[in-house]
Each structure stands twice: as C-alpha cells, then as structure tokens.
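**Student:** Line by line, the protein sequences give chains A and B.
Residue numbering for the first sequence follows numbering that gives the first Met the number 0, beginning at 0 and increasing consecutively.
Residue numbering for the second sequence follows numbering that gives the first Met the number 0, beginning at 0 and increasing consecutively.
To be clear, the hints were calculated from the coordinates, so they are not data collected in a lab.
Heads up, some of the hints might be wrong.
What the hints assert, rightly or not - Covered by chain A, per the in silico footprint, the following chain B stretches (three or more residues, Cβ under 8 Å):
(1) 45-52
(2) 70-77
(3) 80-89
(4) 100-114
For each residue, glycine too, the CB sits at the ideal point set by N, CA and C.
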Amino acid sequence: MTTTRTRNGRLGNATAVLLVARREVSTRLRSKSYVLSTLALVLVVTGMTVGTLTLQDERSHVVAATDEAEGYLEAVRTAAQAAGTDVTTREVSSPSEAEERVRDGEIDALLTGGPAEREVVVAGEPAPDLRALLDGAVRQERLAAELAPTDTDPETVREVLSAPAPTRDLGSGGSEVNERLVLSLIAVGMLYVFLVIFGIHVAQGVVEEKSTRMVELLLSTIRPWQLMIGKVVGIGAVGMLQFAAIVVAALASLAATDRLGDVPDTTTSVAVTALLWFVLGYLLFATLLAASGALVSRQEDVQSAVQPALALLAVPFVVGVTLATRSPHNPGTTVELLSLVPLFSPVLMPLRAALGEVPAWQHLVSVGLTLALLVVCVALAARVYSNAVLRVGGRVRVWEALR
Amino acid sequence: MNAAALEVDGISKRYGDTWALRDMTFQLDEGELFGFVGGNGAGKTTAMRIILGVLAADAGEVRWRGERVGLETRRRVGYMPEERGLYPKMRAYDQLVYLAELHGIGKRAARAAAGGWLERLGLGGRRDDEIDQLSLGNQQRVQLAAALVHDPEVLVLDEPFSGLDPVAVDIMSEVLRDKAASGVPVLFSSHQLDLVERLCDRVGIVRAGGMLACGTVGELRSDTVRRFVVGLDSGDPGWARQLEGVTVLSVEGGRVHLELAEGADDQEVLATAMRHGPVREFSPIRPGLAELYRTAVSEGEAA
Numbered sequence: 000m001t002t003t004r005t006r007n008g009r010l011g012n013a014t015a016v017l018l019v020a021r022r023e024v025s026t027r028l029r030s031k032s033y034v035l036s037t038l039a040l041v042l043v044v045t046g047m048t049v050g051t052l053t054l055q056d057e058r059s060h061v062v063a064a065t066d067e068a069e070g071y072l073e074a075v076r077t078a079a080q081a082a083g084t085d086v087t088t089r090e091v092s093s094p095s096e097a098e099e100r101v102r103d104g105e106i107d108a109l110l111t112g113g114p115a116e117r118e119v120v121v122a123g124e125p126a127p128d129l130r131a132l133l134d135g136a137v138r139q140e141r142l143a144a145e146l147a148p149t150d151t152d153p154e155t156v157r158e159v160l161s162a163p164a165p166t167r168d169l170g171s172g173g174s175e176v177n178e179r180l181v182l183s184l185i186a187v188g189m190l191y192v193f194l195v196i197f198g199i200h201v202a203q204g205v206v207e208e209k210s211t212r213m214v215e216l217l218l219s220t221i222r223p224w225q226l227m228i229g230k231v232v233g234i235g236a237v238g239m240l241q242f243a244a245i246v247v248a249a250l251a252s253l254a255a256t257d258r259l260g261d262v263p264d265t266t267t268s269v270a271v272t273a274l275l276w277f278v279l280g281y282l283l284f285a286t287l288l289a290a291s292g293a294l295v296s297r298q299e300d301v302q303s304a305v306q307p308a309l310a311l312l313a314v315p316f317v318v319g320v321t322l323a324t325r326s327p328h329n330p331g332t333t334v335e336l337l338s339l340v341p342l343f344s345p346v347l348m349p350l351r352a353a354l355g356e357v358p359a360w361q362h363l364v365s366v367g368l369t370l371a372l373l374v375v376c377v378a379l380a381a382r383v384y385s386n387a388v389l390r391v392g393g394r395v396r397v398w399e400a401l402r
Numbered sequence: 000m001n002a003a004a005l006e007v008d009g010i011s012k013r014y015g016d017t018w019a020l021r022d023m024t025f026q027l028d029e030g031e032l033f034g035f036v037g038g039n040g041a042g043k044t045t046a047m048r049i050i051l052g053v054l055a056a057d058a059g060e061v062r063w064r065g066e067r068v069g070l071e072t073r074r075r076v077g078y079m080p081e082e083r084g085l086y087p088k089m090r091a092y093d094q095l096v097y098l099a100e101l102h103g104i105g106k107r108a109a110r111a112a113a114g115g116w117l118e119r120l121g122l123g124g125r126r127d128d129e130i131d132q133l134s135l136g137n138q139q140r141v142q143l144a145a146a147l148v149h150d151p152e153v154l155v156l157d158e159p160f161s162g163l164d165p166v167a168v169d170i171m172s173e174v175l176r177d178k179a180a181s182g183v184p185v186l187f188s189s190h191q192l193d194l195v196e197r198l199c200d201r202v203g204i205v206r207a208g209g210m211l212a213c214g215t216v217g218e219l220r221s222d223t224v225r226r227f228v229v230g231l232d233s234g235d236p237g238w239a240r241q242l243e244g245v246t247v248l249s250v251e252g253g254r255v256h257l258e259l260a261e262g263a264d265d266q267e268v269l270a271t272a273m274r275h276g277p278v279r280e281f282s283p284i285r286p287g288l289a290e291l292y293r294t295a296v297s298e299g300e301a302a
C-alpha cells in the first residue's frame, strides 16, 4: 500500500509525490490569477461559439407568401433544399402588413400575386443566393406553365428541372480537408500555448522554492525527484482542469444552441489523440523546464534559463505545422517520419490524426519512443535538479549539474 | 547503552579547492543542548546541511543511535535552515500541516500539531495569514513551528535566534530547554555567545571547517591560562614580578591583573601579596564564552 504512513515517519514514493502535487493544485486553484484567466477563457470560448452560430443563423432567409402565391412556396422550398440554402418559409394573410414586415427586415422576400402576375417584394437588394433561388423558382414555374398546353405532365417537368446534376464523389479532399486542417491547427495551437504556459509555471514554481529556500526544508524530508515529479503532476492537473473547463464551455454552448450535432464526427478521435499528446508532451517539456528552472535562483532569470527548453518545443511546432499544412491532402513521407521522432510527435501526431487516418503501428511507435525519451529526461532532469536546486547565487551550468 | 544519540563522524566537504568542512567530529547526547559557534563561513551551515542530508558529504558519516542516517531517520529531525524558507503566499497553518504530512504524519495529527504549535508560539490568531503578511519576527516563529510540527527526535537549528525580539528570544529559549528536557538532543548555531553560554550544556567552536574546541564552558575555560585580579593599597606591582610563573598583565590603580603559568601556585601569590600590605581583593577572572572564543580562534590562527 502506497498510502501507509506510520508513526516513525515512513512515506511512500506515491504519497510524497501526491502530497506535493496536492499542494500545487490547492494553492493554484485558490490563486486569483488562475481563477480569472479560466473565467476569461471560458467567456471567450462561449462568446466565440455562440457568436459564430448567431452569425450563421442570420444567413437563414425568411421568405413569405400571400394566400394567392402560397403554391409558390413549395417550389422555393424544393429549390432551397437542392441548393443547400437555408430558407425559412412563412405564410401571411394581409399583404400590407407583410410589406411592413419586409421594410422592418423581418421578412427578406415577400411573394405576391397569382401565377400570371408574380411579384417579389424586397427591401433593398436581396442576398445573391436568395435572388438566384427566387429567380430559379419563378423560371421553373413559367416553364411549367408554357409546357402545360402540351402533353407533358407539369410535375414531371418540375422534377426534371429541380433534380441536381449527377455527381461522382472522389473521397476526401477539398472543403472537408480544409475543415479538418482548421480543427487540427486549433487543437495543436492550443496544445502549444498550454505547454508553454504551464511549463513556465513549473519553472517558476521551482525557482520560487529555490529563492525562498523552501527547498532546503522540503529536501530534508523528501527526495528531489519526488518534489520535481509532484510539482510537474500538480501543475499539469491544474492545466488539464483549465483545458477541460474550456472544452466543457464549448460543448455546453453548442448544446444550449442546439448545434451539438454539427460537430464533425472526427472531433472525438482528434480530441483523444490531442489529449494523449498533451499529457505526453507536457510531461516531457515540464521535466525539462523544471530542470532548467533549478539552474537559476531568481525569478528574473527564469526567462533566459527556459529558452533552450522552449526552443526544443518551438522548433518542432513551427517545422511541423509548416510541413503539414503545405500539402494537407497528402502529408508525405517526411511528415510521417518526423511524426515518429519524440520531440516532433506531440505536434505532428495530433495534426496527422486530424487530417486523416494514422496507422496503429505508427501511433504505437511514436508513443513508445516518446515514453522512452521521457524516462531518460526524467532521470537527467532529476539529476540536474538534485545537484542544482541547492546552489544559490549565479547560474549553474547544465554540465556541472549533471556530474 | 552509553553511546551518544547523534554522532557526527569525520565529515568532510570540498568545493573545488576549498574545504568547507574538514574531518569534523562531535557527538550529542540525549537531551543535550549543544551550541555551535564560529565565524561566518566556518562550516556550521554546511555541517548542519549534511546532518539533514540536504547536502552529501564527501567523506565521513552521521549516525543516529548507532545507525547511519538515511532518509527515514532524517524525517525525525526538526530543521530550521539559516535562510528562512517558507512559501510566501501560503497560509501559516496550511504550511505547517503540509510539512507535517511530508514528514509522514497523518492528516488529523498534522492538523492538531500545526494548530497546537501556532497557539504555543503566540500565533493562534494569525494562523490564516499568509507568510508574507507576517512580521519578520512572526515569520521566524512559524519557521520554528515548522521545525517542531512533526514532533522530531532531534533538533538542528541554524541561527534560530537571529532577528528575534527579546520576548521571542525568551520563548525560543524556553522551547529549546523544554525539548532538551524531554530527551531531544538540540544542536543550534548562534553568534550570540552570551545566549549560547547561558543555554547550552556544551559548546563547539568551529573554525575553517574543523572543530577547534568542544566541551562545557567550564572545560573550555580550564584549557586556558588562569588569571587573577589582586587589589592592594599600593599600586606597585613589583612584588608580583619576582614570582616565578607569574606575568603582570596590567595595573589599574591598586588592582593588578596577573596571569599564572601552569604549575604556579595561586596560594603562594596570595601569601606574597599579603606580605606587601592588606589585600582588598583577590579573585580569579572567569573568561566568558566570548573571550574563550576569541582566544581559541586566535590560537587556531597562530597554529
């Protein structure tokens, strides 16, 4: 049992790590800056989701028809469906009242008159897609009327006219890939921002303990690696919580506006891959940043101390995103190979997963290699941390700390 | 068993070409108050850090009740580092509970101990204050509570008295005495030599990484030459100059300060003095720790 604590002061590894992690979580959750930044992020995400949806709603055209023109609405509805234009139809009884509503912008187009004297009442030039739709519907009706004296069945004519052109789908590409690309870039971008923000929190936390000399008290009872891992895990949990708050806010605002069904099916698998790589990438960079932080004694020096570790994160990000977006339809072998390289995997794997299928073996290889590097990094970082964390004053050189 | 509770056996630590500690050896018995004195950079802090395992020694070892000290035994030590270390943005009470739990105390016991020590050190009303909202003296009290909260079996305190007001010095002294009385060996360093002399059972004088002298103040005194002051009506110290093994240090009015070499008989000095007139004063001069320290350090320098 790892949680056993006896009177003579035995403390399991897991208990020590958990105690450190718990303190990180409880003090950070209580800090004003964390609460405020989480609230701000939730508000921004909710605002963006709801805002985008409301903008889309405005593209739904309201078409109304008076009693004589009622039959016309059916044609408009069919045409709208075929064209993929969002149209809401309404019937009105009083033409004069309806015209008033057109002027108010409540109705985009009002159809009046019998078959002979069709008229479209608008206020200002209607949207091009609505214009095309109405014209098409009117043209169709006129054509049917012209053909009526002949033997042709008007229904058949209408059907023939409204049937879409035969189409052959060549599979993924075009707009679908673009949609996925946007989605994956959002995922990877968020991943990057979170890694940097919470990684730097780790480095600052290490320096805080060093500059307040708290570390001396802590190391008299727990081992350096326990302290380091506990800190990394605790801050990671706080980061995940913020991440989760944002996802929940986005999903909740989608649900509230009844648009949950519009989320592309691929999102779930992309999210799972992104989450996995968020955890792995975070552990990898956070340990490196913890070791970097241990090299300096003052908060002012944190920025310069973490530069090398941040470069290890930034270079794969820039290179990865550039290569992957150059030809999103066909990422190519370079991207595939690079995505298996540990430091590149956290960026490229979620990107690839979002853009298309990734073979299972490649998932396994990349996770395996990253885990192997993680073990090495934790060992090296713990060594640097142990050797450097008690040295106050100037900056400790990495090689000195590794000896 | 007569073995010392805490044995520091020949520990050495080197930084590059300089020895921070060189073969330092001393022991603490159960319930003993041991004062560590020495100049800045003499090696006191390094020695304490090695005892706490915060620093690794290059040579030598530290034993607790005959066993080499490891992480588990270190958890039973209460430590107060020289440079105070507490989280500035964490509440005093939370901080103490956390430290107690890190020392392997269960949550409930940790809470009771944290509350109890804050109460005892006069901080009952400030338990929910963050450390950086407290005055320096109060921060120091929390720091002491941090060393005591896990009911340690040994106390190692680096400069516990520095920066304390007189009331806090009294509280601190009382706590240390109480702890020692309950059988806990207490090792602390200080520059306030009068305090060390008053409080400690034994004293260790440290210089250049080594133990220069170690023992009770009485023992340290017996190592030094004996001095006397003799008060006569006449101010002429000529009588004393004739005596063998006696040096006249100074003359102030009728009072003559003498130093007796080994083997010189103080009764003979008194008898000679009485032959020269009525003796108004004859008393040994007992050097305080401060003087013993200065003597020891200057002798060490000469050696």
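**Student:** So, against the hints stated earlier in the document, which numbers end up violated here?
**Tutor:** none
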